[in-house]
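S.K.: Listed below, chain by chain, are the residues.
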Amino acid sequence: MWIVIGTLGGLSLFFGLLLGYAATRFKVEGNPIVEQINTILPQMQCGKCSWPGCRPYAEAIIRGEAEINQCAPGGETAMLAIAHLLDREPKPLNAEDQVVADTKLLAVIDESVCIGCTKCIQACPVDAILGAPKFMHTVIAQECTGCDLCVAPCPVVCIKMVPVPLSLTTWKWPYPNSG
Amino acid sequence: MRLWQFHGGVHLDGHKELSSQVPIAQANLPKFLIFPLLQHIGEPTEPIVHVGDKVLKGQIVAHCFGSDCSLMISAPIHASSSGTVVAIELRPVPHPSQLTAICIVIETDGQDVWTELNAIPDYTSLSPAAVREHIAHAGIVGLGGAGFPSHVKLRPQDIDTLVINGAECEPYITCDDRLMQECPQDILEGAQILRHTLGGTKRCIIAVEDNKPSAFQALSQVAQSTSVEVVKVPTLYPTGGERQLIKVLTGKEVGRAQFPASIGVVVHNVETTRAVFRAVTQGRPLVSRVVTVTGNGVDCPQNLEVLLGTPMREVLAQCGRKSDIEQLIMGGGMMGYALPRDDLPMIKTTNCLIASGPGELRVPPPLLPCIRCNACAQVCPIHLLPQQLYWHCKAKDFKRAQAYHLFDCIDCGCCAYVCPSHIPLVSYYRYAKAEIRASEREHKKAEQAQQRHEFRLFRVEREKKERAERHKQRAKGVDSG
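As given, the protein sequences belong to chains A and B, one line each in that order.
Position 109, counted from 1, in the first sequence is what the working numbering calls 109; the numbers after and before it change by one each time, with no gaps.
One rule links them: number in the working numbering = place in the second sequence (from 1) + 179.
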């Protein structure tokens with residue numbers, strides 16, 4: 001009997017140590033699901049979901065504090081992808097958010113009006129605005145995500161959001177209307 | 180020579196006799212020429228002339244990025260006649276999107292004066308790289324309709340077979356047929372130049388579909404004493420597809436996500452070959468091409484040598500435009516697309532214009548549900564399952580569509596042609612492909628935005644720390660001072 005107790009005890013001790021070691025050695029930093037949701041989100045950091053950025057929103061979904069349909073720029077596609085990932089029921093977006101998802105925007109600074117206050121530079125979440133104090137600012141069009149966070153801080157209202165025009169390279173074949 | 184067969188394919192009504200009997204004529208010089216900056220597959224060109232500049236025929240008006248054709252997949256655009264640049268502005272262009280794009284507009288002076296041409300009298304004395312560079316500067320792209328810059332396909336990469344594509348399998352188009360009949364010597368010479376550029380390929384095959392006997396005869400005659408083989412291939416749509424033609428001629432299949440070059444084959448169209456001949460021996464860049472103007476909507480369907488940039492309206496007028504044109508289609512009867520207006524310019528990829536008369540083109544009958552008859556899978560030249568693709572594309576389930584190899588589809592339209600329920604299958608595939616490409620683009624952009632955002636957070640944090648550090652230092656200074 002002592003042999004049995006000794007063997008089992010030894011085995012439990014060994015596996016206990018092994019698991020304990022693995023838990024520290026292969027520890028996953030943060031919640032991996034948050035990471036997965038974050039890659040689905042459009043990374044505009046616009047805050048339209050009422051959280052200060054895409055990752056905080058992803059974390060809020062996991063904590064159960066946010067719904068899955070709050071990302072306006074991601075639109076239906078993002079909502080469906082998150083629903084699929086978390087195995088939840090899809091939730092329709094509200095109509096306003098759907099409009100946001102369908103139009104791609106770009107911030108444009110009216111450079112003749114700009115006074116060089118740098119307020120928009122501080123607001124831009126992706127550092128897409130170039131400029132220095134008392135010098136004219138301008139938007140790097142390729143980097144602008146169209147989040148419109150720079151519009152409100154401007155004291156002289158010289159930033160406008162304009163729709164990105166379709167070009168031959170961004171045009172998409174439409175869904176066949178028959179059938 | 181032994182020939183092979185690709186899977187599927189369809190026998191089509193050619194409608195080629197409309198335009199194949201008349202010799203190629205010269206199109207008139209128009210008052211205005213319009214040059215869209217993107218006339219090929221790849222990156223758009225950048226204008227290097229300004230409004231008010233005088234230009235000569237053959238002068239480059241829009242060049243590749245950095246004026247270097249090897250940086251990106253692109254090809255320069257040349258003025259096709261002499262005159263003055265009167266505008267660089269948005270104009271409607273021939274594209275299925277019906278969008279406008281930046282075009283260079285030239286008002287011709289009627290003199291048609293050439294710029295100084297830089298011919299190569301003896302190309303064999305030059306290195307393949309130098310000849311390739313010359314071809315790139317001549318702005319030559321695949322003239323069969325796809326418009327892939329030719330010099331990119333001429334990079335040395337162990338090619339043993341050069342195929343000159345004279346299959347011309349699409350209904351209505353006869354420009355290659357006429358060209359092979361009228362200029363076989365030019366095509367042969369061009370083929371030899373291409374061979375030299377590829378580093379001397381072992382074999383060179385000119386493939387002609389057997390519904391063009393005169394073209395076959397003309398080429399065979401001039402090729403008699405050379406090592407170039409002229410081969411008759413059976414008429415079957417889409418034999419003119421690059422991969423399908425390679426299969427027919429060599430029995431080899433080009434793998435998924437591979438280029439023909441990876442199995443040692445390069446395919447060039449006959450008119451591209453002629454353009455290479457002209458560029459090298461006469462120094463003449465690509466300023467014109469042969470276009471088939473056909474259909475019951477014109478009185479004299481024929482082939483015209485058209486200056487690039489000529490508005491379609493002028494070409495139609497020259498061919499005796501009738502008042503009852505139902506539809507104007509650019510490209511062949513299978514893969515062409517309808518144009519909304521007739522003031523669009525002829526571009527490098529315009530091989531055919533079909534002006535259809537009343538009742539000429541099949542009006543798609545009412546759509547019926549798919550009955551899973553499998554006719555589409557029997558004709559698909561790529562061995563795909565068009566029906567499965569259709570279900571997944573229709574349901575917007577792009578992952579599954581991709582798993583069924585959506586991106587191997589060549590848009591040939593065989594499946595839609597045989598579908599007894601008249602389902603526009605290709606439209607669904609195009610839609611799905613475009614959506615997938617767009618979402619990949621967006622995903623890339625999101626990743627970039629995320630990186631920039633994370634760097635910004637890091638930067639703000641760092642600045643905060645630095646500021647705190649400075650305050651501390653200063654506080655210390657005050658204390659000790």
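Check each hint, because a few of them may be wrong.
As the list claims (entries may be wrong) - Chain B stretches covered by chain A per the calculated footprint, using a threshold of three residues with CB under 8 Å from any CB of chain A:
{"no.": "1", "segment": "273-284"}
{"no.": "2", "segment": "597-611"}
{"no.": "3", "segment": "629-637"}
Keep in mind the hints are simulated off the structure, nothing from the lab.
Every residue gets a Cβ at the ideal spot worked out from N, C-alpha and C, and that includes glycine.
S.K.: Using a Cβ cutoff of 8 Å, are there at least 3 residues of the segment 629-637 of chain B near chain A, or does the coverage claim fail?
M.R.: holds (count 5)
S.K.: Examine the segment 597-611 of chain B for residues whose CB is less than 8 Å from any CB of chain A, and state whether their number is three or more.
M.R.: holds (count 6)
S.K.: How does the segment 273-284 of chain B fare against chain A when you require at least three residues with a CB closer than 8 Å, holds or violated?
M.R.: It holds: at least three residues are needed, and the segment 273-284 of chain B offers 5 whose Cβ sits within less than 8 Å of chain A.
In summary, the structure agrees with every hint in the numbered list given earlier.
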